[in-house]
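Asks: Same order as they appear, the protein sequences are chains S and X. In this text, residue positions in the first sequence follow our numbering: the first is 1, and each later residue adds one. In this text, residue positions in the second sequence follow our numbering: the first is 175, and each later residue adds one.
Some hints here could point you the wrong way.
Stated by the list, open to error - In silico DMTMM-like links for lysine to aspartate or glutamate, alpha-carbon gap of 25 Å or less: (1) S:170 with S:81; (2) X:230 with S:24; (3) X:231 with S:28; (4) X:230 with S:81; (5) S:170 with X:206; (6) S:56 with X:206.
None of these hints come from the bench; they were simulated from the model.
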Amino acid sequence: MTDKNNKIPFNEDNYTHNINRNNERKLDRRGFMKTLVGAAGVFAVSSLPWGVLAAKELNGLGDKKYPKHKITDEKSLPIGDAVDFAFPGEHDSAILIRLSEKKYVAYQNACTHLRCPVFWKKDEGEMLCPCHHGKFDVNTGEPIAGPPRRPLPEIHVKVENGAVYAVGVKRYEA
Amino acid sequence: MKRSYLPVAFLLAVLMLNLIFTQYMVHQYFYEHYTNTIIAAVINVILFPVAFLIYKKGVNVHD
Ligand code: FES
Chain S
1 MTDKNNKIPF NEDNYTHNIN RNNERKLDRR GFMKTLVGAA GVFAVSSLPW
51 GVLAAKELNG LGDKKYPKHK ITDEKSLPIG DAVDFAFPGE HDSAILIRLS
101 EKKYVAYQNA CTHLRCPVFW KKDEGEMLCP CHHGKFDVNT GEPIAGPPRR
151 PLPEIHVKVE NGAVYAVGVK RYEA
Chain X
175 MKRSYLPVAF LLAVLMLNLI FTQYMVHQYF YEHYTNTIIA AVINVILFPV
225 AFLIYKKGVN VHD
């Protein structure tokens, strides 16, 4: 019994005696090149989604389409005046300001600070949020005073046959 | 048999290009230069068969 223990593993009964695992983990030149090719493959595959996303953006699929929405007639909005409307949803309040004969600007008028409605101050030529006295540039929607730090989202408008339409919302840019 | 390390060097160069174009691609995407993004992505994809060819050549000749 005792001498049997000492003889394990027997040469003939040992199923693993012919498996040679020396150097199994050695990284030779060929293995290294395989790894590099594999890495190139990973790079190639991971590039695909970026290409697809970029192609989508190029085709304008990234822009959300909203049905165009009539805001007001040109006649009923004198130069320098503003009118409130809702776009794109009925609860997304917005403001349209006529700056000159041809120039209209429109913004979503929820203040980017705490979403109070922003008003058009005609005599001061700027948009004012009464809650904490935030001010916005009327030409760009950029915040110029007070707590807001982000611009008001701009709404694209189009004038057609004497009426002003909202056609889309500018993409948010941080 | 004498082995050549030239293919290894080429593959490393390919990998370097992969890195460069990947970074370029991501940056151009966020700068909204989508055409450049696509160009970089295509180059990255093409680099894979190139790497594979280099490997095939290099492995058979001297090993
Ligand atoms: S909510 Fe407009 S300034 Fe605070």
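Asks: Does each hint fit the structure? Answer for all of them.
Replies: Status of the hints after comparison with the structure:
{"no.": "1", "hint": "S:170 with S:81", "verdict": "22 Å, holds"}
{"no.": "2", "hint": "X:230 with S:24", "verdict": "22 Å, holds"}
{"no.": "3", "hint": "X:231 with S:28", "verdict": "17 Å, holds"}
{"no.": "4", "hint": "X:230 with S:81", "verdict": "73 Å, violated"}
{"no.": "5", "hint": "S:170 with X:206", "verdict": "15 Å, holds"}
{"no.": "6", "hint": "S:56 with X:206", "verdict": "12 Å, holds"}
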